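Spelled out from the first residue to the last, the chains are:
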Amino acid sequence: MSERGAERFPIEKMRVNRHRWIFWSSMAGLLITLSALLATLLFLVWQATPIIRQSGAGFVFGRLWYYPEQMFGALAMIYGTAVVSLVALTLAVPVALGTAVLSAEYLDAGARLVVKSAVELLAGVPSVVYGLIGVLFLREWVYRGLAPFDPISGDSLFTAGLLLAVMILPTITTLCDDALRAVPASQRAAARSLGLTRAESVLHVALPQAAPGLLAAILLGLGRALGETVAVFLVVGRQDNQLPDKLFSWDALISPGQTLTSKLGGPETHLAYGDPLHWAAMAGLAVLLLVMTALCLAAAKGIEKLTKSRAARVAGQS
Amino acid sequence: MQFHRFCLLTFSAAFGLTFPLPAQDSLRVSGSTTLNPVVSEAVEVLRNEKGLRITIDTAGGSTGGINALGDGRADVAMSSRSIQERDRDKFPSVKYHSVPIGQDAVSLVVSADVWNGGVKNLSGSQIRDLYEGRLKNWKEVGGPDRRVVFLNREPGRGEWEVFTKFLYPDRNKPPMTSHPMVGSNEETRNKTGGTRGAITFLSTPWADGKKVFALGLELPDGNVVEANGANIASGQYPMSRPLFVITDGEPAGAAATLIDYLLAEPGQQLVSKHGYLRLDEVQ
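Which chain is which? The protein sequence lines are E and W, in order. Under our numbering, the first sequence has 204 at position 204, and the numbering climbs by one with no breaks. Under our numbering, the second sequence has 184 at position 184, and the numbering climbs by one with no breaks.
These aren't lab readings, by the way, just hints derived from the structure by calculation. All figures in this text were calculated on a predicted structure; none of them were measured in a lab. We treat Cβ as the ideally placed atom computed from N, Cα and C, and that holds for glycine. Mixed in with the good hints there might be a few duds.
[As the list claims (entries may be wrong)] Estimated spans, in silico, between C-beta atoms of each pair:
hint, chain 1, residue 1, chain 2, residue 2, range
1, E, L295, W, G51, 49 to 57 Å
2, W, G51, E, P276, 36 to 44 Å
3, E, L136, W, G235, 39 to 47 Å
4, E, A298, W, D71, 51 to 59 Å
5, W, R86, E, L38, 55 to 63 Å
6, W, A264, E, L295, 53 to 61 Å
7, W, R73, E, A39, 44 to 52 Å
8, W, S98, E, P276, 20 to 28 Å
9, E, L247, W, G118, 49 to 57 Å
10, W, R86, E, K246, 58 to 66 Å
11, E, G58, W, D71, 22 to 30 Å
12, W, R73, E, G124, 31 to 39 Å
13, E, S249, W, P144, 51 to 59 Å
14, W, R86, E, I22, 51 to 59 Å
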């Protein structure tokens with residue numbers, strides 16, 4: 001019943017009015033969500049202003065961080081975050097893709113449900129549990145396993161990346177599986193009827209069609225990896241100013257390092273109270289982290305949107 | 001209309017829950033992991049016997065606790081270092097009131113391979129060379145042929161303050177070094193014990209002689225002192241420190257109850273039980 005119709009029938013008008021709260025309460029929900037996001041962003045940028053004013057780009061590209069001398073350069077932490085996330089993706093993506101292909105293309109509905117539930121259960125394990133497993137076993141295994149390369153200790157960027165790989169695995173797996181399932185069954189049927197084997201239809205039909213969705217899944221996994229704190233904090237070694245001369249160095253990989261999150265999760269946040277510049281630098285790290293995560297999510301959403309519009313075009317043509 | 005009102009009520013009730021509850025009259029204690037076992041046990045007793053509400057955390061070490069006190073986020077700071085000029089500069093309006101409840105020492109500790117390799121004591125200048133990365137192999141100080149892994153403590157931890165004050169008595173800022181970092185006493189002991197060639201500094205009672213081993217300190221006159229009760233009490237062992245509980249102004253209410261308990265016999269027994277020196281054992 002339209003609003004104009006309601007004017008002609010008073011009883012209908014009453015019904016419209018009586019249920020108006022549904023619209024307004026959901027609007028309130030939206031506003032609260034948006035203002036929480038905006039307030040967080042504005043607050044952090046406002047708190048970080050002193051360091052931006054003092055160092056500008058030097059804050060992002062500065063190589064040294066030593067707060068007693070008021071040196072605040074975030075580059076080594078950005079490097080640490082990037083390396084840890086890359087290691088995690090390199091290890092997690094092949095496994096996630098394999099699991100997703102199997103569950104989406106080969107398993108029947110019942111078996112798929114079992115696999116998918118198991119994967120999503122894995123995603124629900126709190127990160128501190130992973131961290132404790134990392135401290136108890138993983139760093140010891142890495143220390144022993146890498147012994148031929150003589151690592152300094154079990155804490156390293158590599159250890160953190162390995163632990164993160166396990167943590168982002170379920171996210172990427174389940175999203176990849178969804179992306180593959182979104183490829184219409186008629187496409188597979190057409191491929192099979194043209195004489196392609198199942199493997200060929202996976203390789204030449206399902207995977208290429210799902211590619212943007214798979215990429216979006218990987219980016220969302222990356223977004224999660226960037227922000228992970230507790231587990232990384234416990235096994236990364238928290239060594240400042242570990243910036244190798246080369247962009248990628250094996251030595252740096254198996255050495256302790258510092259990420260944006262391990263710095264933010266550490267004691268300096270407590271020490272920075274009452275020291276405006278130090279506090280601003282910590283807030284600045286949070287801004288950097290937020291920006292990096294936001295870029296990942298935005299890229300994932302962008303790809304998703306692109307795919308949808310392309311799919312609509314394809315559907316329109318047929 | 002009634003339904004409308006009902007929804008409004010449920011809504012406000014649901015959102016009301018997410019607003020912070022009014023401040024409770026619980027005592028907030030924050031600071032050093034060194035004091036934490038002692039104060040935690042005292043808190044447990046006071047909770048059960050007097051029904052006091054006390055929360056306790058060690059997130060930022062001694063300096064974190066002092067900052068929390070200055071900032072009004074804690075009522076009592078546990079600190080294994082004394083209040084310094086920079087604390088007063090940071091929070092000029094706070095009247096720090098420090099009460100010592102015992103005495104502790106900081107030891108250099110090494111992993112088993114270093115200890116068994118023959119390193120039993122170090123001099124101040126050797127420690128400084130190790131800390132600043134000039135000594136890279138244990139054989140340079142008579143130990144095994146093994147790379148030195150110096151695990152630094154998080155800045156703000158009481159041990160870090162005592163250690164750097166001992167190495168650099170004339171500088172108010174220690175030089176910049178880059179080492180892997182460890183935080184609480186538990187983490188420090190586990191990671192040092194599990195790393196070949198590792199050295200760090202640790203509150204003495206935590207040096208268990210199984211995972212990590214406390215080194216003797218070679219004084220400038222050539223004498224070696226161990227961090228044992230007698231040497232700490234006589235002041236011969238230099239890396240020693242009083243353990244404080246700190247309030248803003250004279251302690252009152254629940255804070256006074258807690259501090260009185262720590263100073264009385266049961267509290268002092270807790271100090272001794274956790275390996276620190278009681279007040280009456282110190283000079």
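**OP:** Go ahead and decide if the range 58 to 66 Å is satisfied by the Cβ distance of R86 of chain W to K246 of chain E.
**Re:** 39 Å, violated
**OP:** With 44 to 52 Å as the target window, see if R73 of chain W and A39 of chain E comply at their CB atoms.
**Re:** 21 Å, violated
Original post:
When you take the CB atoms of G58 of chain E and D71 of chain W, is the distance between them in 22 to 30 Å?
Top reply: 29 Å, holds
**OP:** Please test the hint of 39 to 47 Å on the beta carbon pair from L136 of chain E and G235 of chain W.
**Re:** Holds, since L136 of chain E and G235 of chain W (Cβ atoms, about 41 Å apart) stay within the stated range.
Subject >> Consistency of beta-carbon spacing, P276 of chain E to S98 of chain W, with hint 20 to 28 Å >> reply: 26 Å, holds
Original post:
Okay, G51 of chain W versus P276 of chain E on CB: inside 36 to 44 Å?
Top reply: Cβ of G51 of chain W to Cβ of P276 of chain E: about 41 Å, so the range 36 to 44 Å holds.
Original post:
Between R73 of chain W and G124 of chain E, does the beta-carbon spacing fit 31 to 39 Å?
Top reply: 32 Å, holds
Original post:
Is 51 to 59 Å a correct range for the gap between the Cβ atoms of S249 of chain E and P144 of chain W?
Top reply: 28 Å, violated
**OP:** Just tell me: holds or violated, for the beta carbon distance of A264 of chain W and L295 of chain E against 53 to 61 Å?
**Re:** 59 Å, holds
Original post:
Does 51 to 59 Å hold as the CB distance between A298 of chain E and D71 of chain W, or does it fail?
Top reply: For A298 of chain E and D71 of chain W the Cβ distance comes to about 36 Å; the hint is violated.
Original post:
Does 55 to 63 Å hold as the CB distance between R86 of chain W and L38 of chain E, or does it fail?
Top reply: For L38 of chain E against R86 of chain W, whose Cβ atoms are near 36 Å apart, the range 55 to 63 Å is violated.
Original post:
Are R86 of chain W and I22 of chain E spaced within 51 to 59 Å by their CB atoms?
Top reply: 57 Å, holds
When the structure is compared with the earlier hints, violations turn up for hints 4, 5, 7, 9, 10 and 13 and for no others.
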